[in-house]
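Chemist: Each chain, letter by letter, is given below.
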Amino acid sequence: MSDITSQSLFELTSNIKEKKLSSEEITKAFISRAEKSKKLNVYVTDNFEKAIDQSKKFDSNPNLDSKLPGIPIAVKDLFCTNGVRTTAGSKILNNFVPTYESTVTQNLWSQGAILLGKLNCDEFAMGSSNETSFFGNVQNPVGENLVPGGSSGGSSAAVAANLTPVTIGTDTGGSIRQPASFTGTVGLKPTYGSCSRYGIVAFASSLDQAGPMTKNVRDCSMLLEVISSFDQKDSTSIDYKRNYYSKELSKDIKGKKIGIPKEYRVDNMPDEIEQLWKNGISYAKDCGAEIIDISLPHTNYALPTYYIVAPAEASSNLARYDGVKYGFRSPGQNLIEMYEKTRSEGFGDEVKRRIMIGTYVLSSGYYDAYYLKAQKVRQLIKKDFDDAFSKVDAILTPSTPSSAFKIGEKTNDPVSMYLNDIFTVPINLAGLPGISIPAGKDKNNYPLGLQVIGKPFDEQNILNISYALEDKINFKNDISDWWLSE
Amino acid sequence: MSKNSEYLIERENKQYEVIIGLEVHAQVTSESKLFSQSSTKFGAEPNTQVSLVDAAFPGMLPVINEFCIEQAIKTGIGLKAKINKKSVFDRKNYFYADLPQGYQISQYKYPIVGEGKVILDMPNGQKEIGIERLHLEQDAGKSIHDIDPNNTLVDLNRSGVALMEIVSKPDLRSPDEVNVYIKKLRSIMRYLGTCDGNMQEGSLRADVNVSVRLKGETEFGTRCEIKNVNSIKFMQMAIISEANRQIDLLEDGKEIDQETRLFDTKRNETRSMRSKEDAHDYRYFPDPDLLPLEISQELIEKIKSDIPELPDEKKKRFIDKFNLSPYEATILVSDIETSNFFEEVIKNSDVKLATNWITGELFAVLNEKNLEISQSPVSAKNLSKLINLIKDGTISGKIAKTVFEQMIDGDQDPLIIVKEKGLKQESDPKAIEELINKVIENNSDKVAEYKSGKDKLFGFFVGQAMKESKGKGNPQLINKILKEKLNG
Chain V
558 MSDITSQSLF
568 ELTSNIKEKK
578 LSSEEITKAF
588 ISRAEKSKKL
598 NVYVTDNFEK
608 AIDQSKKFDS
618 NPNLDSKLPG
628 IPIAVKDLFC
638 TNGVRTTAGS
648 KILNNFVPTY
658 ESTVTQNLWS
668 QGAILLGKLN
678 CDEFAMGSSN
688 ETSFFGNVQN
698 PVGENLVPGG
708 SSGGSSAAVA
718 ANLTPVTIGT
728 DTGGSIRQPA
738 SFTGTVGLKP
748 TYGSCSRYGI
758 VAFASSLDQA
768 GPMTKNVRDC
778 SMLLEVISSF
788 DQKDSTSIDY
798 KRNYYSKELS
808 KDIKGKKIGI
818 PKEYRVDNMP
828 DEIEQLWKNG
838 ISYAKDCGAE
848 IIDISLPHTN
858 YALPTYYIVA
868 PAEASSNLAR
878 YDGVKYGFRS
888 PGQNLIEMYE
898 KTRSEGFGDE
908 VKRRIMIGTY
918 VLSSGYYDAY
928 YLKAQKVRQL
938 IKKDFDDAFS
948 KVDAILTPST
958 PSSAFKIGEK
968 TNDPVSMYLN
978 DIFTVPINLA
988 GLPGISIPAG
998 KDKNNYPLGL
1008 QVIGKPFDEQ
1018 NILNISYALE
1028 DKINFKNDIS
1038 DWWLSE
Chain Y
192 MSKNSEYLIE
202 RENKQYEVII
212 GLEVHAQVTS
222 ESKLFSQSST
232 KFGAEPNTQV
242 SLVDAAFPGM
252 LPVINEFCIE
262 QAIKTGIGLK
272 AKINKKSVFD
282 RKNYFYADLP
292 QGYQISQYKY
302 PIVGEGKVIL
312 DMPNGQKEIG
322 IERLHLEQDA
332 GKSIHDIDPN
342 NTLVDLNRSG
352 VALMEIVSKP
362 DLRSPDEVNV
372 YIKKLRSIMR
382 YLGTCDGNMQ
392 EGSLRADVNV
402 SVRLKGETEF
412 GTRCEIKNVN
422 SIKFMQMAII
432 SEANRQIDLL
442 EDGKEIDQET
452 RLFDTKRNET
462 RSMRSKEDAH
472 DYRYFPDPDL
482 LPLEISQELI
492 EKIKSDIPEL
502 PDEKKKRFID
512 KFNLSPYEAT
522 ILVSDIETSN
532 FFEEVIKNSD
542 VKLATNWITG
552 ELFAVLNEKN
562 LEISQSPVSA
572 KNLSKLINLI
582 KDGTISGKIA
592 KTVFEQMIDG
602 DQDPLIIVKE
612 KGLKQESDPK
622 AIEELINKVI
632 ENNSDKVAEY
642 KSGKDKLFGF
652 FVGQAMKESK
662 GKGNPQLINK
672 ILKEKLNG
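Keeping their order, the protein sequence lines are chains V and Y.
Using the working numbering, the letters of the first sequence correspond one by one to residues 558 to 1043.
Using the working numbering, the letters of the second sequence correspond one by one to residues 192 to 679.
Check before you lean on any hint, since a few could be wrong.
One side only, chain Y facing chain V, incomplete, derived with CB under 10 Å [said to hold, decoys possible]: (1) F248; (2) F258; (3) Y287; (4) D472; (5) Y473; (6) F476; (7) K505; (8) F595; (9) P620; (10) K621.
What the hints contain is simulated information worked out from the structure, not anything from laboratory work.
Ideal Cβ positions, reconstructed from N, Cα and C, are used throughout, including at glycine.
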């Protein structure tokens, strides 16, 4: 048996079910590795002591019929966890301990999983490099001083570094898929309405979705199966019959029509990304898929549209962090002064930038020109996909326009940072499911990902296509454990 | 309305007309809040009816309370208004300590209810007031500034309670019309059970828009909005004071600034709260946590079929069926409790007498004791018994008043009072004749005068006979027999 922490979720659950491993052994293995991995800074809050107690409890009376039997899992610190500090990567929630549990994490615990801890992320999920977190940078295990992507950077790093078997992140504009791509892992953003938003600290309500982040496609299907559920506590949750994703997982994609959108061939795209895409296309052909050139004409407008819609919603969603009820408060002589000090000191620069953009685009006199226009363009982007999906079953694109970059490289250039999301943002705007799988490496040996986009609620199809491609690509993430300390 | 009833404010040969529009905030009658399951009960200990949603904890999401939607539709139907099959909840963004989300969920561009109307019964006829719209929104919490000397305290019990904002067109022209309008609106909602209209508990408040113009002018003047007035009396005072302030400005050749004002009840004047320039930019946008609200025709039909008879219809029925005057009918239907009481009384008794007794004696007592009809000291059952005693001649109207006074004390049965006190009317013609004979004997001089043509003395004989009967003689019978005797 290979080292516990390098095992996939599938292997770990099999080993527990076959009683080859106990939950306690597994939990302790991950904790022990985490204690030697502080340099990566993936944890904001650990839950190690309680996790060991819970693993012992599990072992004393194991329910082996559950889907995540005694599996320790760390989650992004955007999910509210009952009794465990939840910060959203922000000073303003530095001491916030929820008395309630998000639906998605509850789904994990209901299937036997155990909370290992809360993973670092960009502040309020706003960022593409995990550099906006109040709790500091996360190191990408792929290479020192490399960003792990964002906003689910702690999550992607934790999976790649074998610090959690799987994890869940949230994706508003690429926050699962981009970090997955940067770390050589798998990340899936489900269809909007698949996973409940109840108990997830909101960034942009009409775009936010939770999703699985894993080592491989099979694990991804297993985790999605657990977290996707209809929830009456979220009015945007959709009641539809969900698949048994892991059971129905299949490499047979013969005859599937896969679209290649010409608009994703952006200016200055590195040759290696172009080559990665070509390889993906030829692998898909090898699997018997039919490749069809398609057009998504409004792709160019997706990024500006996103950077109107998302900040607009965020400016309003973050109004509740005002120092009155919970979280950080900086006292003032009067209410206005208290607000100003609390929010100036409690939020970081990127969050403040987006609150200001959002406030501006919703202001009277600008609303029509920005917010309303963006909503109209959003409809056109959605229609592009609707039209494309009348011809194809799925769409294949690169996940990101580049590989992971150095810490600090883009912090002073927000626009170049925002451009990271150019391939992922349209999918959120259209509410579609999208998955990033590791597909190759660049000249520095940094991972690169391919994205498979599906029709609404067609997660099974993009999982199957990814499963088939994964097999052909046969990606190996050679991570040297450079950060380990004794 | 006829000319002479117009409400005009005079200034040196000039007459100003006052234009009023109301935005009424009516609390929806509902066990739980608009987007959470917390209780809405009035008067609970501070912050005991607050859910995580109401206090806007991270990751909490609003879930619409269907019952509040139905209540709004019901109210819309009661206002003869268009129900919009698609409406949208928007966020109205502003910071305040008692607004936990940092925004109020309201409806801005697409309200649940569109144009409707309310009919006012004014002393000289009916007047129709247009309704612009009705929309649903959350109430905020309450800031309390006078308990702690250094801090403002916040009570979130009201936070998230469902309100209906009912916006009138600028059709009101006088404080009297405002009075009748509010009462009518309140009456309709109480009939429907959609708002209890309790102004003391803040279930009904209004923002009052006032502008003035010279009589005959067709353009509207610049308006000011007086925020959050919580009684009809204060609304009327505020309108008069604000209209006069605006007229004084115009008379001085000054301009009126469009602004939001507050009414100072102690000084009886309005003062500026914020100017148009300082107006909040609420940055309305559709709430992405809530899907657009879609209402099916079936639901509208179902609610329509449950609508009770409303005051206007009831009034028409009372006039047509019971032959009441429009004035009487208006009074009796003005409040659901009153009309229920009336209908209960007339189940077993005479309509005309019931109308007179309810609008006369009973209302007088209620006024005097400052009671609602629901707290009436005399039950409908006993009042109808009393009316039957009058109708069948057992007691006279005059005796009935004595009986009624006693009934008030603990809702006593009039039959028992009449029996115990021996108040039964004397209706035996023989007994009456006997006592009339006595009167005639004792007053032979007056009889002679009468016979010689002094007709006026008839009343004297009636009085004497009544006195002789100790007030119990049947007046009709006394009249009849007296006439026979004296004229015979």
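Chemist: So, for every hint listed, does it hold in this structure?
Modeler: The hints, checked one at a time:
1. F248: holds (7 Å)
2. F258: Violated: closest Cβ of chain V sits about 15 Å from F258 of chain Y, beyond 10 Å.
3. Y287: It holds, given that the least Cβ distance between Y287 of chain Y and chain V is near 8 Å, below 10 Å.
4. D472: holds (5 Å)
5. Y473: Hint holds; Y473 of chain Y Cβ to chain V Cβ min 8 Å, cut 10 Å.
6. F476: holds (6 Å)
7. K505: Because about 39 Å separates K505 of chain Y from the closest Cβ in chain V, which is outside the 10 Å limit, the hint is violated.
8. F595: violated (57 Å)
9. P620: With Cβ-Cβ at 79 Å, over 10 Å, it is violated.
10. K621: Not OK, violated: K621 of chain Y not within 10 Å of chain V, min 82 Å.
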